[in-house]
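Protein chains in written order, with our numbering: chain A, 95 to 435; chain B, 903 to 1335; chain C, 6 to 334.
A few of these clues could be false.
[To be verified] Here are the in silico distance ranges between beta carbons for each label pair:
1. B/K1322 <-> C/H108: 53 to 59 Å
2. B/K1322 <-> C/I296: 35 to 41 Å
3. B/P999 <-> C/E301: 53 to 59 Å
4. A/T298 <-> B/D1223: 16 to 22 Å
5. C/H108 <-> B/H1260: 29 to 35 Å
[Stated by the list, open to error] If you want a taste of the chain B side facing chain A, the calculated C-beta under 8 Å gives, among others:
6. E1127
7. I1128
8. R1130
9. S1131
10. E1170
11. V1173
12. K1177
13. L1224
14. I1265
15. K1267
16. D1268
17. L1291
Calculated directly from the structure, the hints in this document are not laboratory data. Built from N, CA and C at the ideal position, the CB exists for glycine as well.
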Amino acid sequence: MSGFNDHIEKVHEYLQSRDTKEFNCPSSVDELQAGMPVQVGPGANPGIILRSDTFAELGNPTEGSTSSIMWTEDTSLLRDGHVTLIGPDIPELEGGSQPFGQVIMMAGKNLDSAAYEKAAEYQHISDSLEGYMVRSSSKSIWGRISRDVAAKGFTLETLARALMIAIKTNVPEVETMEIAFITTTKDDIRQLDEIAGEVDSIRTKIVKEYWKEKGYDLDEFDCDLNCSACSNQAVCDDIRELDAIRGKQRGDDDEAVFIDERSRYVAEITDACVGCQACIDERGCIYNIIRMNESGDKAIVNPDKCRGCGVCVPICPEGAIVMREKSGDNISSLAKPDSQS
Amino acid sequence: MDDKKERSISRIREELETYESIIPLLELEPGEMGHLQLPILKNITEQHRKTLECVENGLPFMASQYTNPVEILTAMDVHWYFHIQQLFAGSGTGGGPHIAEDLEEADKLNIPRDCCTLIRLGQYLQVAGLYPLPTAYLALTIPCDSIAGWHAAFMHHQDWRNIPVFAPDAPYHNDDRAIGYYAQQMREMVEFITEHTGKTMDIDHLREVVEETNKCYALWMEYNEIRRSSPTPHSYILPMSCFFQINTSGAGVPGKRVWYEDMIADAEMRVKENKPEVPGQKIRAFWYDIQPFYFGEIASWMEQEWGAVIAMDMVSYCPYDLIDTSTEDSLFRGLAKRAFQDGPMIHQARGLADNVIHDIQRIVKDYKIDCVIFPGHMGHKDMAASSSLMREVCRELGVPFLYLGLDVADYRYMTIDEIKDKISQFFTAMGLG
Amino acid sequence: MLGFRIRATGSQGTELSDSFFSTINCTFPRHAFNMALKGEFDFIDGLVLFNSCDHIRRVYDHWIRQMETPFVKILSLPKKAEQAQVEWFREELAILRDDMQNHFGVQITDEKLRQAIKLHNETRRLMRQLYELRKADNPPITGAQTLAITVASTAMPPERFNQLMKELLNDLGNAEGITDYQARLMILGRELDNPGYLQVIEDQGALVVADSLCFGSRILWKDVDESIDDPLAALAQYQIAERPSCARMFSEYDKRADYVRQMLSDFNVDGTIYSRMAFCEVWGFEEYSMINDFKEWDKPLLCLDREYTLSGVGQLRTRIQAFLETMGK
Chain A
95 MSGFNDHIEK
105 VHEYLQSRDT
115 KEFNCPSSVD
125 ELQAGMPVQV
135 GPGANPGIIL
145 RSDTFAELGN
155 PTEGSTSSIM
165 WTEDTSLLRD
175 GHVTLIGPDI
185 PELEGGSQPF
195 GQVIMMAGKN
205 LDSAAYEKAA
215 EYQHISDSLE
225 GYMVRSSSKS
235 IWGRISRDVA
245 AKGFTLETLA
255 RALMIAIKTN
265 VPEVETMEIA
275 FITTTKDDIR
285 QLDEIAGEVD
295 SIRTKIVKEY
305 WKEKGYDLDE
315 FDCDLNCSAC
325 SNQAVCDDIR
335 ELDAIRGKQR
345 GDDDEAVFID
355 ERSRYVAEIT
365 DACVGCQACI
375 DERGCIYNII
385 RMNESGDKAI
395 VNPDKCRGCG
405 VCVPICPEGA
415 IVMREKSGDN
425 ISSLAKPDSQ
435 S
Chain B
903 MDDKKERSIS
913 RIREELETYE
923 SIIPLLELEP
933 GEMGHLQLPI
943 LKNITEQHRK
953 TLECVENGLP
963 FMASQYTNPV
973 EILTAMDVHW
983 YFHIQQLFAG
993 SGTGGGPHIA
1003 EDLEEADKLN
1013 IPRDCCTLIR
1023 LGQYLQVAGL
1033 YPLPTAYLAL
1043 TIPCDSIAGW
1053 HAAFMHHQDW
1063 RNIPVFAPDA
1073 PYHNDDRAIG
1083 YYAQQMREMV
1093 EFITEHTGKT
1103 MDIDHLREVV
1113 EETNKCYALW
1123 MEYNEIRRSS
1133 PTPHSYILPM
1143 SCFFQINTSG
1153 AGVPGKRVWY
1163 EDMIADAEMR
1173 VKENKPEVPG
1183 QKIRAFWYDI
1193 QPFYFGEIAS
1203 WMEQEWGAVI
1213 AMDMVSYCPY
1223 DLIDTSTEDS
1233 LFRGLAKRAF
1243 QDGPMIHQAR
1253 GLADNVIHDI
1263 QRIVKDYKID
1273 CVIFPGHMGH
1283 KDMAASSSLM
1293 REVCRELGVP
1303 FLYLGLDVAD
1313 YRYMTIDEIK
1323 DKISQFFTAM
1333 GLG
Chain C
6 MLGFRIRATG
16 SQGTELSDSF
26 FSTINCTFPR
36 HAFNMALKGE
46 FDFIDGLVLF
56 NSCDHIRRVY
66 DHWIRQMETP
76 FVKILSLPKK
86 AEQAQVEWFR
96 EELAILRDDM
106 QNHFGVQITD
116 EKLRQAIKLH
126 NETRRLMRQL
136 YELRKADNPP
146 ITGAQTLAIT
156 VASTAMPPER
166 FNQLMKELLN
176 DLGNAEGITD
186 YQARLMILGR
196 ELDNPGYLQV
206 IEDQGALVVA
216 DSLCFGSRIL
226 WKDVDESIDD
236 PLAALAQYQI
246 AERPSCARMF
256 SEYDKRADYV
266 RQMLSDFNVD
276 GTIYSRMAFC
286 EVWGFEEYSM
296 INDFKEWDKP
306 LLCLDREYTL
316 SGVGQLRTRI
326 QAFLETMGK
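Isolated chain A, as found in the complex:
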């Protein structure tokens, strides 16, 4: 898919038919940052905004609320940094609860659904904008602006800049961005919400594709081995978990060396091995220690690296792996239940 060109056009048409205020923000992140009245960036808003500290509320569902985010490969469709506002701006809202609509449009030659998904997370800006909090609700964009930042001159342009900073910093494929805000009436919001609804249904499909490419069909189970029958499944899963996270933290993909606890056993691959590699692929040795031998026909274990956890034993369809106590005894009870040993 190359983007939401049609929907972007619909939004533009809608905006053109209304009374708008427009302002142009710079393109680069540095320029966007300069002159911001408030802090922007991860942790800029460390806490929540309590009711008593609220200057204005935007997007309460009873008032009207909508949010959508769209992308296109065609950078000519958008004027970078352009922000359109229909309705009052923040300073005019003392004590008010205002309907709120937000539409983010992004363009980039290299944009794709993965980048889109990443950018979509930033619609709610999370903790990256001082004095601005969006409630944790899946259904609407319902937020608060604190008195402190209202006093510092927070406007919707501030919000727009913060969104552009967040997205351009974290999603480099985004080259140009336009944002529109609506703060007039529930009816006005509803019209935009219809477009948002269409974008959302398409987005659900994109989300599914995204997960499918990662190997997760949202409708499927990814078990080809019946792990639920194994009493050690939970432990096994925890270890994989840990492996992935620690590996990520260290920035390496290959070797997992995080747990130095070893049992008093090591795995040994017997002659029954047929070289199917079940012990090596994703479901196999969770420490990535088993390798194929040089001729590529049998699997081998480096006894110095083996942790002796025993997970490989039931994985082997031939029952070719046994656990030996480091003194040399064969522990048959750890062999695969219906193997010959």
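Take the given structure of chain A and dock chains B and C to it, following the hints.
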């Protein structure tokens, strides 16, 4: 009162006595949270007293189930008790004094073991005559086959066979037409209640009640936001009551709203003054399922032993819509929609896996979650299907994920010590705490 | 158009469908979907499903994503049987009719529906005649054979089926009755479409003379009321309120219990087998109530769990033999 009647209210009496002895102590020494705990206990005791009064004096009262709109019952001034909540009686903090024998007896019933323990326990309580017989009752057929099957069996019990019952029929679809159909079922429910209790419905009064519960829902949603603060203001036990207060007898009475306001005021104060109820918080967890019976013990232990707080949980994180009270039709449609589309478990079971993905992504970010715990209740077959997906979502977010695989009602399936061990190992291995 | 009721006859395994279900899902939908994935249902032009139970709902979720059947619809089936439900279901049927007309370019007029109702009522009447014959002391036909016939009625063009039935009834009129059996059994349950299962039971010396099954008596016991002018209303009335119901109709337990009790008496049944499939909650709770009722009625009842495919035959034999012995037969 004959023996049978006495037995049917024995558990209620027991619980009433237990709380009646705690209340004066709490009043004397409320500590920091007494002013929030007391209204809950007083609410429960008041409801129990009413139930006993009805039974002793032959006054009309009903039994009902979660998702049947409590507002309708409040508006019609009908006293009722919640027959699933009976199971949680005295629990949430430990499972009640009878849980061990109840589980054993429930096992002896001829209900196949692969059916949900919670329901088998419910059936046992009926068979053992531990539910007071109401004038009429409202049953439930959603969200799963087990509930519907259970009610068929429940209705057939000798003692309950002649008690009038109404169960609304929830449609499969989710569109306007389906909501209209269920709204009609709600109207039939009102007629049923009138027929058997003589109480009538005044739409204006219903409107007031719904506006009251709307406020409570809005306050509950506000309270949820305050839990995002780090450290989180309260321990986990009280937030669980947010759900019960709005789903049990008396919901929609203005007094109940005061409790939500107090919860928020207390939480706000703790945030402003940085005085969390649980000091030394190190780990923020997301508990993604309903609470087990023995949860009081687990949550407290997590807090004390590991400084691990549950910043958010599945039962609390539901996108409730406020009901439009302008017309009779919008009232009934709003109540219908909430009943069969919005509640916890229903929200997760009716949506696709993308509800699950989205929820986890938002919650981890918004609540600054350090780890996700999926209890994996054995009865939640639909959710078990999604656990590998949840794990992957968490992996993407860089957040550890723990799958327990426990039984919400049966601590023998996975014992409390086993659970504590698993959680401890998990926290250690993840370098948390 | 020919209506074919989905079964998973001949399914060898669930290796393809395993990734779509969990190990705690019922085996019937797993086998059926496996066959679908293998292409064994490619001959169908359309599929209509109902939200019968949690497991079948999953089949729908997967079918629309994995299969290319051009027309797939799911209807919302009520769980109780009052007027509001009959009306709801009539609307569901009306929507289905419109969808079918639009998709297949056919006209499903009221008149055509009435004729179809007549035709299917004829089928039911003929099958009831068959069942009548089994009331006798020496029925001319076994339970296994009867099941084969009732299953066939869900897979064949009705005109042809009716014609064959008439011929069969004619022949059976002259047939010798079965005499060498020890006990008259009734089988109670759900998705049993495999005569082989009954064969194993009958090989132990029993004769299955009556049943309450999805592919058995429940589809033939009552007729659609031809006096109701609106055929969709008549069909809705029949499906929801008239015909002997599936256990998922939780409000109808008493009627089902009466139905079973009546059959025990009319067919002079010695003992009953309750056949449930593992993980079926709906029939699990039904089992619980039935056990209590059979105790009250003082009638022998044997509860057997099974998988969709016939397995554990040795165990089945043993349990039937034991059951017959306990009945003193």
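Each hint tested on the structure:
Restraint check, B/K1322 to C/H108: a C-beta distance of roughly 58 Å satisfies the suggested window 53 to 59 Å. A beta carbon spacing of about 39 Å between B/K1322 and C/I296 agrees with the range 35 to 41 Å that was offered as a hint. About 33 Å separates the C-beta atoms of B/P999 and C/E301, a value inconsistent with the hinted range of 53 to 59 Å. Our hint of 16 to 22 Å for A/T298 and B/D1223 holds, since their Cβ atoms are close to 20 Å apart.
At about 33 Å, the beta-carbon gap between C/H108 and B/H1260 stays in the expected band of 29 to 35 Å. Because the closest C-beta pair between B/E1127 and chain A is about 6 Å apart, less than 8 Å, the hint holds. Checking B/I1128 against chain A: minimum C-beta separation of about 6 Å stays under 8 Å; hint holds. For the restraint placing B/R1130 at the interface with chain A, the shortest Cβ-Cβ distance is roughly 5 Å, inside the 8 Å limit, so the hint holds.
The interface hint given for B/S1131 holds, since its Cβ lies 5 Å from the closest Cβ of chain A, which is under the 8 Å cut-off. At its closest, the beta carbon of B/E1170 sits 5 Å from a beta carbon of chain A; the interface hint therefore holds under the 8 Å criterion. The closest approach between the C-beta of B/V1173 and any C-beta of chain A is roughly 7 Å, which is under the 8 Å cut-off, so the hint is satisfied. The beta carbon of B/K1177 comes no nearer than 14 Å to any beta carbon in chain A, farther than 8 Å, and the hint placing it at the interface is violated.
Interface hint at B/L1224: satisfied, since its Cβ lies 6 Å from the closest Cβ of chain A, which is below the 8 Å cut-off. Proximity of B/I1265 to chain A holds as hinted, the smallest CB-CB distance being about 7 Å (cut-off 8 Å). Given hint, B/K1267 at the interface with chain A, holds; its Cβ is 5 Å from that chain's nearest Cβ, closer than 8 Å. Residue-level restraint check for B/D1268 holds (minimum Cβ-Cβ distance to chain A is 4 Å; threshold 8 Å).
At a threshold of 8 Å, the smallest CB-CB gap from B/L1291 to chain A is about 6 Å, leaving the interface hint in force.
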